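Undergrad: Here are the chains, one letter per residue:
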Amino acid sequence: MSKLASHFLINKNKFMKFLVCISLVPDTTTKISFVDNDTKFNNDKVQWILNPYDEWYALVRALELKEANGGNVTVVNVGPAENDQVIRKALAIGADDAIRIDVTGDADSFAIASEIAAVAKSGGYDMILLGKETINYNGSNLGGMLAELIDLPFISYASKLDVAGNTATIERDIEGGKEVLTADVPFVISCAKGMAEARIPNMKGIMSAKTKPLNVVAPQGVGSLTSVVKYELPPAKSACKMISADHPEELIRLLHEEAKMI
Amino acid sequence: MSNRYASNFRGFDYLQLDEQLTTEQKLIRDSIRNWVTQSVVPIIEDCAERNEFPKQLIKELGKIGAFGPHIPTEYGGGGLDAISYGLIMQELERGDSGIRSCASVQSSLVMYPIWKFGSEEQKKNYLPKLASGEYLGSFGLTEPNHGSDPASMETKLIQRNGKYYLSGAKMWITNAPMCDIAVVWAKNEVGHVVGCIVERGMPGFTTPSIQGKWSLRASITGELIFDAVEIPESHILPHAKGLKAPLSCLSSARFGIACGALGAAMDCLHHAIEYSKERTQFGKPLAAFQLTQKKLAEMLTDLTKAQLLSLQLGKLHIEGKITPAQISMGKRNNVEMALRIARECRQICGAMGISQDFPFMRHAMNLESVITYEGTHEVHLLITGMDITGINAFE
Ligand SMILES: Cc1cc2nc3c(=O)[nH]c(=O)nc-3n(C[C@H](O)[C@H](O)[C@H](O)COP(=O)(O)OP(=O)(O)OC[C@H]3O[C@@H](n4cnc5c(N)ncnc54)[C@H](O)[C@@H]3O)c2cc1C
Chain A
4 MSKLASHFLI NKNKFMKFLV CISLVPDTTT KISFVDNDTK FNNDKVQWIL
54 NPYDEWYALV RALELKEANG GNVTVVNVGP AENDQVIRKA LAIGADDAIR
104 IDVTGDADSF AIASEIAAVA KSGGYDMILL GKETINYNGS NLGGMLAELI
154 DLPFISYASK LDVAGNTATI ERDIEGGKEV LTADVPFVIS CAKGMAEARI
204 PNMKGIMSAK TKPLNVVAPQ GVGSLTSVVK YELPPAKSAC KMISADHPEE
254 LIRLLHEEAK MI
Chain B
1313 MSNRYASNFR GFDYLQLDEQ LTTEQKLIRD SIRNWVTQSV VPIIEDCAER
1363 NEFPKQLIKE LGKIGAFGPH IPTEYGGGGL DAISYGLIMQ ELERGDSGIR
1413 SCASVQSSLV MYPIWKFGSE EQKKNYLPKL ASGEYLGSFG LTEPNHGSDP
1463 ASMETKLIQR NGKYYLSGAK MWITNAPMCD IAVVWAKNEV GHVVGCIVER
1513 GMPGFTTPSI QGKWSLRASI TGELIFDAVE IPESHILPHA KGLKAPLSCL
1563 SSARFGIACG ALGAAMDCLH HAIEYSKERT QFGKPLAAFQ LTQKKLAEML
1613 TDLTKAQLLS LQLGKLHIEG KITPAQISMG KRNNVEMALR IARECRQICG
1663 AMGISQDFPF MRHAMNLESV ITYEGTHEVH LLITGMDITG INAFE
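Those sequence lines, one after another, are chains A and B.
Per my numbering, the very first residue in the first sequence carries number 4; after that it's consecutive.
Per my numbering, the very first residue in the second sequence carries number 1313; after that it's consecutive.
Think of the hints as simulated: they come from the structure by calculation, not from any bench.
From a predicted model like this one, the values you see are computed outputs, not experimental measurements.
It is possible that some hints are incorrect.
[As the list claims (entries may be wrong)] Straight-line distance between alpha carbons at most 20 Å, and here's what the computed DMTMM-like set of lysine to aspartate or glutamate pairs gives: (1) LYS213(A) to ASP1393(B); (2) LYS1553(B) to GLU1446(B); (3) LYS1338(B) to GLU67(A); (4) LYS34(A) to ASP1325(B); (5) LYS207(A) to ASP1539(B); (6) LYS34(A) to GLU1590(B); (7) LYS1375(B) to GLU67(A); (8) LYS1627(B) to GLU1433(B); (9) LYS207(A) to ASP1393(B); (10) LYS1375(B) to GLU1336(B); (11) LYS48(A) to ASP1330(B); (12) LYS1617(B) to ASP1325(B); (13) LYS213(A) to ASP1330(B); (14) LYS240(A) to GLU1511(B); (15) LYS207(A) to GLU1433(B); (16) LYS244(A) to GLU1590(B); (17) LYS20(A) to GLU85(A); (18) LYS1468(B) to ASP1539(B); (19) LYS20(A) to ASP111(A).
Throw the hints in and build the complete structure from the sequences for me.
TA: And the structure:
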């Protein structure tokens, strides 16, 4: 038996193919505004970043599992060519290759899930990871839809993920405690805080990302099932009132009479 | 303690200069920026107050690629271009000039001369260790009696009975008390400047620290003292001939400083803008007063001009066309700009401006060193003067 084969037997580890779904979101300091009668997000001067849940947790955990057990990490994004710059960051952090499904117009979660499903089906991935939500729309729709479309189990909001052989052990934070479950690959999993620590790409990673494959594939052209009628900004924050600690009765009065909370 | 508005620092790019950067250059800048926010900002005021260099950052600086970014990858460097190197220095100095100084010295004053003037054996032996942060280096040119005039140096490397001995002292040396190796410049028997690598532990070599600095307090500065230190021939840089060898290292470092100063200025300006929008007096934010706006607008204009200067220097560097005099102009202009901005931002924030909640005092005090080392403000002016008149006004 070759040295390599015996190593795999002992560790019961399997060379895994990981697919990590990454989306782009506006940098958190972006001033949010809308155009076209408040039906469209104003992209002007927006700095786009990788969705932190995709980057910090899904991607980094996939990389950690690959580094421990061997494997290949592909990232996939649905969007236009402008996204390539940000996709390169995922390659710089350590993904082996990237796929961009060349969708240029608006696409809702269903349209995006359908596009990724086509790529996922043909790729033979053992694990498909994504963030628990995007920080702009907070939809949390994609994972469930994608799993359904490709007929795989879906585990949401995972905060821990380990693999031995074909079986993964997953922890989920649930109301008042934790749930621990196991699942055999392949499956789709959405990742939450706790899964991994954010990684800062180093110079070597950044330079090698330049030559890693970023494959652009034509979209299936699946349409959206929903359309946005209107966006609204939250009401402006009102000023903060300081009440002396010596006058708790004043706090009660204000909460009751002005804020009408009690 | 961490500076108040550090987490939403996004730099300044009034003229959309980002469009002239490559994807890699932007990624490099943003990576170092994130690292600084995460690893430097939360501890730096405290380090400066305690007059301590955060030693735990040395390995991290190596890991992130801040040591020898412009040294070829075959020796463990980053193989990056000058603009990338400049952006790294800019972001490090946003954190603190002391951290940037450590990386400048390691990259341009220790790794660069070994790469440029060293033997293949020296390069293979030292460069990867310096790149990873396993070794920390220092650069000894300045002496107690010779600062702006290094040509008059007294340190000697003399051959006696087939052996080389180094005698003399270097002063104001960044990293000296904690360095593993020092690249030292000295005169040989015939008065030519030569370079050698001195290792910690060589008999007769000591590195006392200099106490009582009000500037670069998060960087350790000291002396290098050589009491007839025997230097093996394998430690002499074979290709360094004359004073132009150390001066070429300084050119590389000075370019980094011209870019680094942008970072300190940006950090100050960012904090001043945020605070002046928040703080109200006479019923409106400080930022609503014309006097404040004049200050902010002029500072942003000066910063933007300095950014243009740096970017063009970077381009000339990449094209191999840059001259030392051009770098002098950049270093002189940008450091003075940063120092002025640090002081003005301090003033905008009133009493809060002097506190450790804000980075102004630390940057301003740091920049007093930066405006002096690597050629003083006056010396760089004389270099430009000589360049335009052809007349040497130094002596
Ligand atoms: C924190 C710190 C770290 C340093 N790190 C290093 C290091 O790692 N390695 C190293 O080798 N050195 C280092 N230096 C030394 C630095 O490079 C010198 O301080 C600098 O070159 C100036 O020399 P000097 O201090 O002796 O000043 P001097 O040369 O004595 O100058 C004093 C003043 O006179 C002016 N002056 C001098 N000559 C002229 C002239 N011809 N015309 C007009 N004005 C003139 C200068 O501009 C200055 O204002 C460091 C300095 C500091 C403060």
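Undergrad: Can the restraint linking LYS213(A) and ASP1393(B) be considered satisfied, given a maximum Cα separation of 20 Å?
TA: Holds. LYS213(A) to ASP1393(B) sits at ~14 Å (cutoff 20 Å).
Undergrad: What's the verdict on LYS1468(B) and ASP1539(B), does the C-alpha distance respect the 20 Å limit or exceed it?
TA: Holds, at roughly 11 Å.
Undergrad: Is the Cα-Cα distance between LYS240(A) and GLU1511(B) 20 Å or less?
TA: The hint is violated at about 61 Å.
Undergrad: Is the straight-line distance between the alpha-carbon of LYS213(A) and that of ASP1330(B) 20 Å or less?
TA: holds (18 Å)
Undergrad: Is it true that the CA of LYS34(A) sits at most 20 Å from the CA of ASP1325(B)?
TA: holds (16 Å)
Undergrad: Would the hint linking LYS20(A) and GLU85(A) be met if the CA-CA limit is 20 Å?
TA: Measuring from Cα to Cα gives roughly 27 Å; hence the hint is violated.
Undergrad: What's the verdict on LYS1375(B) and GLU67(A), does the C-alpha distance respect the 20 Å limit or exceed it?
TA: This hinted pair holds, its Cα atoms lying about 17 Å apart.
Undergrad: Are LYS207(A) and ASP1393(B) close enough, with their CA atoms no more than 20 Å apart?
TA: holds (13 Å)
Undergrad: Is the Cα-Cα distance between LYS1375(B) and GLU1336(B) 20 Å or less?
TA: holds (17 Å)
Undergrad: Between the alpha carbons of LYS48(A) and ASP1330(B), is the straight-line distance 20 Å or under?
TA: holds (12 Å)
Undergrad: Could you grab the alpha-carbon distance between LYS20(A) and ASP111(A) and see if it respects the 20 Å cut-off?
TA: violated (27 Å)
Undergrad: Hint check: LYS1627(B) vs GLU1433(B), CA-CA at most 20 Å. Holds or violated?
TA: violated (32 Å)
The structure shown violates the earlier hints numbered 2, 3, 5, 8, 14, 15, 17 and 19.
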